[in-house]
Amino acid sequence: MPRQRVAISGLGILSAIGWTPEAVWGAIEREESGLGPLTLFESPRCGHMPVGQVKGDPAELSGLPSGSRTDHLAVAAARIAFADTGMASLGEAARRDIGVVLGTTTGGILDSEEFLRRLLREGRLDLGLLRHHPAASPTNAVARALGLGGFRATVSTACASGATAIATACDALAAGEADTVLAGGADSLSRLTVNGFCSLLNVAPDGCRPFDADRAGLSLGEGAGILVLETEEHARARGAAVRAWIAGCGASADAYHATAPRPDGSGALAAMRRALHVAGLQPDAVDYVNAHGTGTVDNDLAEGRALAALFGERVPAVSSTKRFFGHTLAAAGAIEAIVCVLALQRQRVPANLGLRRPDPAIPFAPVAHAQEAELKVALTNSLGFGGNNCSLLIAREGP
Amino acid sequence: MSRTANDQPPEGAAILGVGLVLPDPTPALLPSAASPLLALGPAHVCGDLPLVSVLPARAQRRLGRAQRLALGAAQQALDACPQPPGPPEEVAVIVGTGLGCLGETAGFLENMVQQDEREPMPARFINSVHNAPAAQISIAFGFRGENLTFTHESISFELALWQALALLRAGRTRYALVVGVDEISPYTITALRERTTLGEGAAALLLGPAREGLPRLLAVRARPLAERRPDPSAEADFVRGALLAAGRAPEDVDLILCGSSADGVLGIQRGTFGRLCGEFCTAPAVGFALAARGVREGRVPDGVLLDGALDRPLSSVAVYHLHEAGYQSIGLIAR
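Chains as they are written, first to last, in our numbering: chain A, 1 to 399; chain B, 1 to 335.
Hints are supplied without guarantee of correctness; some may be wrong.
Chain B stretches covered by chain A per the calculated footprint, using a threshold of three residues with CB under 8 Å from any CB of chain A [claimed, not checked]:
1. 32–41
2. 81–94
3. 108–122
4. 128–139
5. 145–152
It is worth saying that the hints were derived from the structure and are not from the lab.
Given the structure is predicted, the values throughout are model-derived calculations rather than measurements.
Every residue gets a Cβ at the ideal spot worked out from N, C-alpha and C, and that includes glycine.
Please work from the sequences and hints to get the whole structure.
And the structure:
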């Protein structure tokens with residue numbers, strides 16, 4: 001039985017190309033990449049690789065007296081989303097049942113790295129820097145900052161975390177845990193991830209080029225994406241301005257390798273099929289796919305095969321927006337869900353930025369430049385380390 | 001989870017298998033640490049990490065501590081099930097871990113700082129992600145259903161159980177292998193040693209369609225608290241409400257298993273899981289495993305009981321946890 005659609009009534013985003021949905025869409029229309037030099041910290045080995053670093057200090061927007069950079073990113077995006085949905089004036093009692101479900105991969109690791117540096121280089125034990133290490137820290141920070149006392153959960157499914165958080169939030173709404181949930185993901189850049197991905201030799205020296213024949217790896221980024229999700233009943237009762245609807249979510253495991261995707265793409269395919277099944281839709285209902293498309297050789301090939309297997313010869317418009325934002329890890333699934341909402345609202349398909357020569361091994365060509373299209377349903381994929389796959393279907397119209 | 005009256009099926013889910021990897025009962029010192037400033041213990045430590053039959057031993061030794069603990073508990077739970085769960089697409093793996101793979105994360109970062117990034121350790125980066133235990137379980141056993149990891153401090157395992165019940169109820173999976181795991185680290189001991197004796201371990205429950213005669217997970221609730229310690233009446237209301245939603249009155253419950261804070265709740269006979277494993281974020285998973293075995297066998301180990309011997313065979317056990325970080329959880333397992 002198809003799952004009831006969930007209303008998306010507010011959007012909040014902090015990214016390398018903007019701090020509001022409008023700014024982000026402007027950069028997408030202008031095809032401006034957010035990739036640039038890494039200045040947040042020094043990295044002797046990997047600092048020359050371009051990254052999608054958030055410009056400015058997110059603490060200015062979060063209003064938090066303390067917290068990790070990821071906490072600040074999450075809270076700032078949550079404030080934007082909360083204001084966008086018209087709930088900023090809600091009283092204390094009305095906020096008590098609102099839930100928060102976020103995904104993160106590394107939480108406050110940037111502070112933990114500084115703890116270790118001081119410990120090992122200077123012999124100082126500064127335990128206060130570990131306060132924000134737990135992955136739950138951004139979720140709790142959002143709940144405290146906005147006074148939200150309802151259902152609360154943090155998920156971590158690597159690069160699928162943000163999408164998984166949205167799916168879990170939909171489950172919480174379906175189960176009656178809450179009628180409103182803030183859901184999304186947040187991750188800051190960190191030495192752990194910058195060095196980690198460099199050590200795997202899959203970071204592109206000149207920036208990622210998803211689905212390109214000459215792609216050489218991913219580019220890291222940071223940011224936060226938060227969506228305000230409501231049950232249809234709640235959204236309609238309060239007259240919310242619904243931006244779009246979550247029509248279905250699907251998840252799967254590759255059960256194949258700790259980092260490499262299953263080459264035939266069957267894990268990603270299973271996630272997409274489950275999302276369609278839940279939504280009660282056929283593949284031909286999908287008008288646009290925001291692909292995971294990291295720009296690594298293996299990921300893009302496997303995802304390309306999965307899309308071809310799902311859609312056959314009628315692959316809809318496909319683009320990866322990773323070169324705009326960088327790969328923002330846990331934030332990616334939420335940010336890309338927001339991109340889908342904006343695309344549905346504007347009836348425009350974002351460009352697959354960085355594409356020069358489509359990979360002939362992938363049986364379709366992504367959209368090279370932004371274009372107009374009639375869009376009713378968008379699909380976004382998030383495919384993580386360990387073979388964690390999550391697909392979200394986002395529809396312009398409600399039930 | 002503030003409003004949970006309608007979130008779980010009244011029949012619950014059958015517990016088809018239980019796995020439990022406990023630390024040594026006597027607190028010990030950890031073997032090594034990167035800096036003399038880090039405390040080494042004492043803590044409840046798993047001395048011999050389990051080896052599972054589905055992976056070569058050499059491959060297992062390359063895994064992180066949390067991955068190996070989780071694999072060990074998962075294998076036990078699967079071995080305890082008379083029929084292997086399947087097909088693979090119908091087996092979800094849901095892991096709760098409060099702090100994830102600390103040893104691998106610390107190892108990667110310590111090396112990065114000490115070597116000034118010159119000789120990175122990619123294997124430790126791969127093993128550092130929070131979902132590494134869940135991913136490794138899916139790889140080792142071939143399960144291709146939904147694969148999720150909850151990382152919300154001390155309610156991580158309860159959230160994993162909640163999600164499993166939601167998936168089962170919605171018919172999105174036929175089986176759910178739910179694992180709680182956390183590993184000990186010199187960093188956690190240093191940060192938290194003044195509070196309690198820390199521990200580590202893993203527990204697994206294989207959930208599936210209800211079957212006659214097997215223990216069932218009837219309900220689980222977890223919620224953040226506005227205050228670190230609720231007043232006693234609110235605490236009792238939370239427990240009573242959860243039990244009633246599961247169709248049980250407090251007097252129907254034979255035993256309530258608590259963590260380190262084992263104050264009386266609604267006059268139910270008390271036990272504690274904290275004695276067996278020390279304190280860690282997913283220690284309640286140990287409580288749920290003990291409860292499941294207790295309901296199946298009619299008894300729990302004597303060392304668990306706080307109020308003397310049981311006066312009747314167990315048929316209904318609650319697991320209750322009030323964590324000082326500001327969460328409260330309750331679950332109910334019954335025949």
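To see whether the hints hold, each was checked on the structure:
no.: 1; hint: 32–41; verdict: holds (count 4)
no.: 2; hint: 81–94; verdict: holds (count 3)
no.: 3; hint: 108–122; verdict: holds (count 12)
no.: 4; hint: 128–139; verdict: holds (count 10)
no.: 5; hint: 145–152; verdict: holds (count 8)
This entry satisfies every hint, going by the numbered hints stated previously.
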